[in-house]
Amino acid sequence: EPEVTQTPSHQVTQMGQEVILRCVPISNHLYFYWYRQILGQKVEFLVSFYNNEISEKSEIFDDQFSVERPDGSNFTLKIRSTKLEDSAMYFCASRMDRGTNQPQHFGDGTRLSIL
Amino acid sequence: GDSVTQMEGPVTLSEEAFLTINCTYTATGYPSLFWYVQYPGEGLQLLLKATKADDKGSNKGFEATYRKETTSFHLEKGSVQVSDSAVYFCALSDPGAGNMLTFGGGTRLMVKP
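Going down the list, the protein sequences come from chains A and B. Residues 244 to 358 (this note's numbering) are what the first sequence spells out, left to right. Residues 124 to 236 (this note's numbering) are what the second sequence spells out, left to right.
It should be emphasised that the hints constitute simulated quantities derived from the structure, not laboratory data. Even glycine gets a Cβ: it sits at the ideal position worked out from N, Cα and C. A hint or two may mislead.
Residues of chain B placed beyond 10 angstroms of chain A at every Cβ, according to the derived structure [what the hints assert, rightly or not]:
id	residue
1	T149
2	Y159
3	E165
4	L167
5	K172
6	G184
7	E192
8	D207
9	S216
10	N222
11	L224
12	T225
13	G229
Cross-link-like lysine to any residue pairs, in silico, SDA-like; alpha carbons within 20 angstroms at most [to be verified]:
id	chain 1	residue 1	chain 2	residue 2
14	A	K300	B	D125
15	B	K175	A	I322
16	B	K183	B	Y162
17	A	K321	A	P346
18	B	K179	B	Y189
19	B	K183	A	P346
20	A	K300	A	I322
21	A	K300	B	A150
22	B	K175	A	P346
23	A	K285	B	K179
24	A	K285	B	K175
25	B	K179	B	L142
26	B	K191	B	T149
27	A	K300	A	R265
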């Protein structure tokens, strides 16, 4: 069964450094998402992406964050200048289309640790 | 805004016990409802879904019925196994809110042999 893959599985970065989290969505999916889960807290929506542009974003997704689909297969989340509070598990998800009966399929996540 | 509330865990059961994890929601539109499961060290896996009122989602012995009158989507299983130990997340997808998922806080289930 096709799956969403995320790399790396664990990223350790110094505060203030830039980090790029990578995702390869399922190949025929059209909608892409990033979520994060701070340890012990809820899974929170960050951003959705369709047709090469952001379609929705949450308050968390400020100017330090950006997303890109550089080559038609990868979907990346960049954090420009990381802060301690960015430490979390980051999940990528993809969906085939916008229909409400289509579930989002998640990757295994990247654990980001900011030192 | 949309929100999902789950019973807090952990829930500890003996093998073959009956499981209920409560989930209630608030939404502005007509959401689809989902249960996702997260096994230790893994990502979120879709367990089951329901897209309209009175739909019953089922998978691997788990069931949940979309109850619009009580705005609930409780997860049940008649006989749990040790391998069911995981964190379970209730979530909704509201077309009026861009179809992004709104999650509950998760409920950790521990099943003892």
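Here is what the structure says about each hint:
no. : hint             : result
1   : T149             : holds (15 angstroms)
2   : Y159             : violated (7 angstroms)
3   : E165             : violated (6 angstroms)
4   : L167             : violated (4 angstroms)
5   : K172             : violated (6 angstroms)
6   : G184             : holds (19 angstroms)
7   : E192             : holds (20 angstroms)
8   : D207             : holds (19 angstroms)
9   : S216             : violated (6 angstroms)
10  : N222             : violated (6 angstroms)
11  : L224             : violated (6 angstroms)
12  : T225             : violated (7 angstroms)
13  : G229             : violated (7 angstroms)
14  : A:K300 to B:D125 : holds (15 angstroms)
15  : B:K175 to A:I322 : violated (37 angstroms)
16  : B:K183 to B:Y162 : holds (14 angstroms)
17  : A:K321 to A:P346 : violated (25 angstroms)
18  : B:K179 to B:Y189 : holds (6 angstroms)
19  : B:K183 to A:P346 : holds (17 angstroms)
20  : A:K300 to A:I322 : holds (15 angstroms)
21  : A:K300 to B:A150 : holds (18 angstroms)
22  : B:K175 to A:P346 : holds (14 angstroms)
23  : A:K285 to B:K179 : violated (25 angstroms)
24  : A:K285 to B:K175 : violated (25 angstroms)
25  : B:K179 to B:L142 : holds (16 angstroms)
26  : B:K191 to B:T149 : holds (10 angstroms)
27  : A:K300 to A:R265 : holds (18 angstroms)
The structure fails hints 2, 3, 4, 5, 9, 10, 11, 12, 13, 15, 17, 23, 24 (numbered hints given earlier, in ascending order).
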